[in-house]
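Chains as they are written, first to last, in this note's numbering: chain A, 1 to 198; chain B, 1 to 198.
Hints are supplied without guarantee of correctness; some may be wrong.
Derived coverage of chain A by chain B (criterion: at least 3 residues anywhere in the stretch with Cβ under 8 Å from a Cβ of chain B; other residues may be distant) [said to hold, decoys possible]:
1) 19-32
2) 184-196
Some, not all, of what chain B presents toward chain A, calculated at C-beta under 7 Å [what the hints assert, rightly or not]:
3) G71
4) V72
5) V73
6) S190
7) R193
Restraint ranges, calculated between C-beta atoms of paired labels, are given here [said to hold, decoys possible]:
8) G118/A <-> R141/B: 42 to 48 Å
9) G167/A <-> S154/B: 40 to 46 Å
10) E28/B <-> G118/A: 36 to 42 Å
11) M1/B <-> R113/A: 29 to 35 Å
12) A135/B <-> F163/A: 38 to 44 Å
13) R141/A <-> L40/B: 27 to 33 Å
14) E56/B <-> R141/A: 31 to 37 Å
Simulated from the structure, these hints should not be mistaken for lab results. No experiment lies behind these values; they were computed from the predicted model shown. By construction, the Cβ of each residue, glycine as well, lies at the ideal position given by its N, Cα and C atoms.
Each chain, letter by letter, is given below.
Protein chains: 2
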Amino acid sequence: MIRVLIADDQDLVRGGLAALLGLEPDIEVVAEVARGDEVLASVAACHPDVVLLDIEMPGLSGLEVAERLNGVVRVVIVTTFGRPGYLRRALDAGAAGFVVKDAPAAELAAAVRRVMAGERVVDPKLAVTALTVGASPLTVRECDVLRAADGGASVADIARSLFLTEGTVRNYLSSAIGKTGARNRAEAVSTARSRGWL
Amino acid sequence: MIRVLIADDQDLVRGGLAALLGLEPDIEVVAEVARGDEVLASVAACHPDVVLLDIEMPGLSGLEVAERLNGVVRVVIVTTFGRPGYLRRALDAGAAGFVVKDAPAAELAAAVRRVMAGERVVDPKLAVTALTVGASPLTVRECDVLRAADGGASVADIARSLFLTEGTVRNYLSSAIGKTGARNRAEAVSTARSRGWL
DNA sequence: GTGACGCTATGACATTCGTCATCCGGGCCG
DNA sequence: CGGCCCGGATGACGAATGTCATAGCGTCAC
């Protein structure tokens, strides 16, 4: 019996995944949590063999949780977005598996079993794009500024929220725009996000 | 036995919902489709009593499908985003139910049963915000321009893609910015989107 | 210990954006 | 029939944005 913990902030999805895995004779869902910052306690309490983590959760992101869980249990990232940067960061964080939510439903149980057997499970197509796109060229601050720029904040807003000078913010934006190959701020945010660099 | 069809583009989620409903003794999932434009044919072939529709799907959006299905079968919109505008448009399109994906898993089966019994099922909290936020003040063209502006397109880009003059695009953007209470293009896109006006 | 690089900052400049006034033509409603 | 609003357009103006050169400071690697 493989003991599985599921972390996903959407109740319906989480329940669905649990129901799906519950159909498998050799898999048992021993816990469900809705927030990233609840995972560690639940792992300590329930001793699962495999942990399924969504990336976008309140509290802690699945990637951050994966880092903290590195070595403790096997982690499979289950995410909506097959972004190359996410895959890279997941592997860096010690995740054993990476499954996108538009993969065939049967693949999830298969991934759990293979991870349990000590294998690494990664969508091969995604692995290729992750390699071709490459690692993020953005510095920490450039990321910060791009994140702050999302939603249409002005330079002044960003400067205030990061305690920087407006000129400095403009510089970071300019260099981020250059590195992403974009032609303006919004495009830079959009492409950086789509590659999982934020 | 209530016959249900599920339309959602993410395999895992769709499979999960199917597994979840499959656990109910009085519900039978008779078909699953991944694209909006496959729903109508599948409905004709399988004669479901209730259709669950995700909004964001390739082909046709769940809202468009709901319109075309109005009067044929009972429709429940199942979506990630509890946006007021989505709810409004869903009801306008004749949907009988509106469930957000972070609702408790038990609620889905309950919603299916109540819709089957002829009731309307709507998250009451969401209904309130839908009323307070009000209908979209944006004209069709303003919506088009905002959609085209998403992702960081320049005025020139938008003008080309919509076959308009740059000046006209600027005017629409300006009025959309005014109506959304935003301070620039990106903010306008962001708030319009979050209210389900796009 | 000396580059290389990242973080912060300044100032100047050209370009793009957002706003406003104004215009025309076509529906639609009272 | 006469407003009134929407789609479309022009031109002008000020404000915000993006670019570039330059510079000081800290840290890390070689």
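Please write out, lowest number first, the hints stated earlier that are contradicted by the structure. 3, 4, 5, 7, 8, 9 and 13
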